[in-house]
Amino acid sequence: MSTVISILGGVGLFLLGMSVMTAGLKGLAGSKLRTVLSKAAATPLSGALWGAIVTLIVQSSSATTMTTIGLVSAGVLTFPQGLALVFGANVGTTGTGWLVALIGVRVSLTAAALPMIFVGALIKLLGGGRVSAAGAALAGFALVLFALTTLQQGMGGLAEQLHPADLPAVLGTSWWAGLYGVLALAVVGLVMTAVMQSSTAAIAVTLSAHYAGAIGLDQASALIIGQNIGTATSSAMAAIGASSTAKRLALAYILFKLIAAAIALVLFPVTIPLLVRASDSIGGVTLLAAYHTAYNVIGVLVLLPVINGFTRFVERILPERGSPLTRCLDPAALVTPIATVEAVRRTVARALEATCGSLATALSAANQDASVPAGQNTVPAAEAASALRQAQEFMSEVSGPPESQDEQRRLTSTLHALDHASRLAEIFGEEIELGMPPGGSQDMHAVEICVEAMRSAASLAAEAAVVPDASDNAAEIKLRTAPTRSLTPEKELASAGTLTEQALAHLEHCAKALGEVRRDHRKATLASVASGTAVADDAIARVDAVRRLEALAHHAWRSAAHLLGRGA
Numbered sequence: 001m002s003t004v005i006s007i008l009g010g011v012g013l014f015l016l017g018m019s020v021m022t023a024g025l026k027g028l029a030g031s032k033l034r035t036v037l038s039k040a041a042a043t044p045l046s047g048a049l050w051g052a053i054v055t056l057i058v059q060s061s062s063a064t065t066m067t068t069i070g071l072v073s074a075g076v077l078t079f080p081q082g083l084a085l086v087f088g089a090n091v092g093t094t095g096t097g098w099l100v101a102l103i104g105v106r107v108s109l110t111a112a113a114l115p116m117i118f119v120g121a122l123i124k125l126l127g128g129g130r131v132s133a134a135g136a137a138l139a140g141f142a143l144v145l146f147a148l149t150t151l152q153q154g155m156g157g158l159a160e161q162l163h164p165a166d167l168p169a170v171l172g173t174s175w176w177a178g179l180y181g182v183l184a185l186a187v188v189g190l191v192m193t194a195v196m197q198s199s200t201a202a203i204a205v206t207l208s209a210h211y212a213g214a215i216g217l218d219q220a221s222a223l224i225i226g227q228n229i230g231t232a233t234s235s236a237m238a239a240i241g242a243s244s245t246a247k248r249l250a251l252a253y254i255l256f257k258l259i260a261a262a263i264a265l266v267l268f269p270v271t272i273p274l275l276v277r278a279s280d281s282i283g284g285v286t287l288l289a290a291y292h293t294a295y296n297v298i299g300v301l302v303l304l305p306v307i308n309g310f311t312r313f314v315e316r317i318l319p320e321r322g323s324p325l326t327r328c329l330d331p332a333a334l335v336t337p338i339a340t341v342e343a344v345r346r347t348v349a350r351a352l353e354a355t356c357g358s359l360a361t362a363l364s365a366a367n368q369d370a371s372v373p374a375g376q377n378t379v380p381a382a383e384a385a386s387a388l389r390q391a392q393e394f395m396s397e398v399s400g401p402p403e404s405q406d407e408q409r410r411l412t413s414t415l416h417a418l419d420h421a422s423r424l425a426e427i428f429g430e431e432i433e434l435g436m437p438p439g440g441s442q443d444m445h446a447v448e449i450c451v452e453a454m455r456s457a458a459s460l461a462a463e464a465a466v467v468p469d470a471s472d473n474a475a476e477i478k479l480r481t482a483p484t485r486s487l488t489p490e491k492e493l494a495s496a497g498t499l500t501e502q503a504l505a506h507l508e509h510c511a512k513a514l515g516e517v518r519r520d521h522r523k524a525t526l527a528s529v530a531s532g533t534a535v536a537d538d539a540i541a542r543v544d545a546v547r548r549l550e551a552l553a554h555h556a557w558r559s560a561a562h563l564l565g566r567g568a
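Counting from 1, one number per residue, gives the positions in the sequence shown under our numbering.
Rather than coming from a laboratory, the hints here were simulated on the basis of the structure. Here the structure is a predicted model, which is why all the values come from computation and not from measurement. Keep in mind that the hints are not guaranteed to be accurate.
Computed beta-carbon distance windows for the label pairs [to be verified]:
{"no.": "1", "residue 1": "Ala112", "residue 2": "Ser19", "range": "18 to 26 angstroms"}
{"no.": "2", "residue 1": "Arg321", "residue 2": "Thr361", "range": "25 to 33 angstroms"}
{"no.": "3", "residue 1": "Arg519", "residue 2": "Leu318", "range": "50 to 58 angstroms"}
{"no.": "4", "residue 1": "Gly129", "residue 2": "Arg321", "range": "37 to 45 angstroms"}
Note that CB positions come from ideal geometry on N, CA and C, so glycine has one too.
All chains should be modelled from the sequences, with the hints used to inform the complete structure.
Listed below in structure tokens is the structure:
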């Protein structure tokens with residue numbers, strides 16, 4: 001009974017220590033974790049490398065995976081980039097196995113662990129910010145060491161009651177018996193991980209059991225295969241009722257584990273005899289830690305070259321559902337403030353593109369027939385307005401304030417863009433005629449100016465929705481839809497610099513040009529009133545119509561400018 005209590009207590013302390021240490025390390029990393037992950041996935045190889053490094057530092061593949069899901073959901077990372085980070089996280093999480101193999105099972109660290117727990121807890125309680133996080137990391141690490149010592153003692157008692165011969169044989173038997181033994185132990189390993197909800201804890205138990213002599217090297221290797229598959233059970237359960245991005249990553253994670261396990265099982269008759277022979281000169285727990293790492297590295301190396309095709313396969317199995325405008329508003333992004341802001345920014349960009357495109361179409365039709373109302377194209381306008389309302393609600397649920405000035409500026413510009421885009425959608429959604437009352441060429445020209453403004457704004461919004469960092473002044477963005485006719489003076493276009501700046505200058509000029517038309521109409525109307533001349537019935541209506549066009553162009557311009565980081 002004491003043996004069971006020691007084992008269970010050791011596993012419980014290990015899980016608690018890992019949780020406390022991970023929370024402390026995440027607090028120490030702060031926004032750097034998100035920054036590194038969002039910038040490190042330029043290529044699949046670099047993404048896998050940095051995913052492994054970050055996971056090794058924070059000692060939690062779950063932290064890396066959840067942050068990655070948020071960044072992918074927000075559109076900061078593409079699905080293949082996020083998957084590369086998750087692959088790397090699987091390699092990084094094997095570092096704890098090395099800690100167990102090299103330190104945990106070889107040395108009793110109780111005498112050193114207990115004072116470390118006291119010091120770490122004291123720092124956590126008395127300190128603040130990153131000092132408190134450092135104390136938590138120290139206390140968690142000491143708890144892990146203390147847990148390994150307790151687990152080692154429990155496994156020593158288990159070794160007196162359990163012998164490798166009591167478990168299914170893997171080597172030295174017939175092919176069918178060996179295959180049965182491997183599969184049976186793999187299932188046991190899977191169940192261990194599913195029950196503990198931690199492959200690290202399950203592998204720590206396996207390494208401790210082998211070191212105590214309770215199980216053989218070949219049997220421990222079979223258990224590790226199952227324990228690696230078992231890690232996917234938590235991802236599968238977490239994906240139930242989750243967003244499409246989380247479901248895709250969970251499915252990709254499960255497939256990765258199954259493919260890696262299939263490779264390990266095929267190579268099992270070759271690799272395990274080599275490990276057994278190597279155990280004459282190298283410790284068994286060290287070989288098992290190396291096997292655990294190699295197991296995951298081989299799986300990554302097999303899938304990394306075909307990651308694009310692999311992601312397309314996953315996307316075909318789980319296609320995207322719902323409105324494309326609100327695709328980024330994934331609850332997974334709320335965990336990370338920078339991902340929340342980026343999700344809202346891209347939603348605003350897509351809604352602005354849809355609204356301005358619909359406005360351009362409606363205005364063009366209205367310019368030819370003044371009786372054509374805005375209601376002719378209200379479906380995308382209503383959908384865009386709904387997406388903007390959802391973005392406002394989503395932003396209100398952000399998990400915390402920005403952690404840097406850059407993030408604060410990004411948040412401010414996104415809120416301004418959201419406000420102007422919402423006003424634009426509100427004006428478009430009103431039951432009004434978009435066309436001009438019958439008038440002169442100046443009125444028709446005003447509509448043409450607004451149409452060009454809407455096309456420019458739609459083009460800029462389209463680029464803001466797909467370019468990773470559209471606020472980069474050095475970036476030269478290729479516009480999807482060029483303006484039909486330049487209304488901006490050539491000197492202003494020449495001095496604007498990039499195509500993005502030129503389009504923004506063009507859009508600004510459109511808004512100001514409409515303001516000039518409105519002022520001209522207003523002056524003419526006031527002059528008629530002052531001179532006693534009868535005011536035409538539609539004169540005031542034309543002033544109101546131009547005012548609406550000016551408001552549309554102004555809000556489109558300001559929203560696009562803030563999306564691109566050019567707002568004042």
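Structure-based check of all given hints:
1. In this structure the hint that Ala112 and Ser19 lie 18 to 26 angstroms apart at CB holds, the actual value being about 21 angstroms.
2. Restraint check, Arg321 to Thr361: a C-beta distance of roughly 27 angstroms satisfies the suggested window 25 to 33 angstroms.
3. The beta-carbon spacing between Arg519 and Leu318, approximately 55 angstroms, falls within the hinted interval of 50 to 58 angstroms.
4. For the hinted restraint 37 to 45 angstroms between Gly129 and Arg321, the CB-CB distance of approximately 42 angstroms keeps it satisfied.
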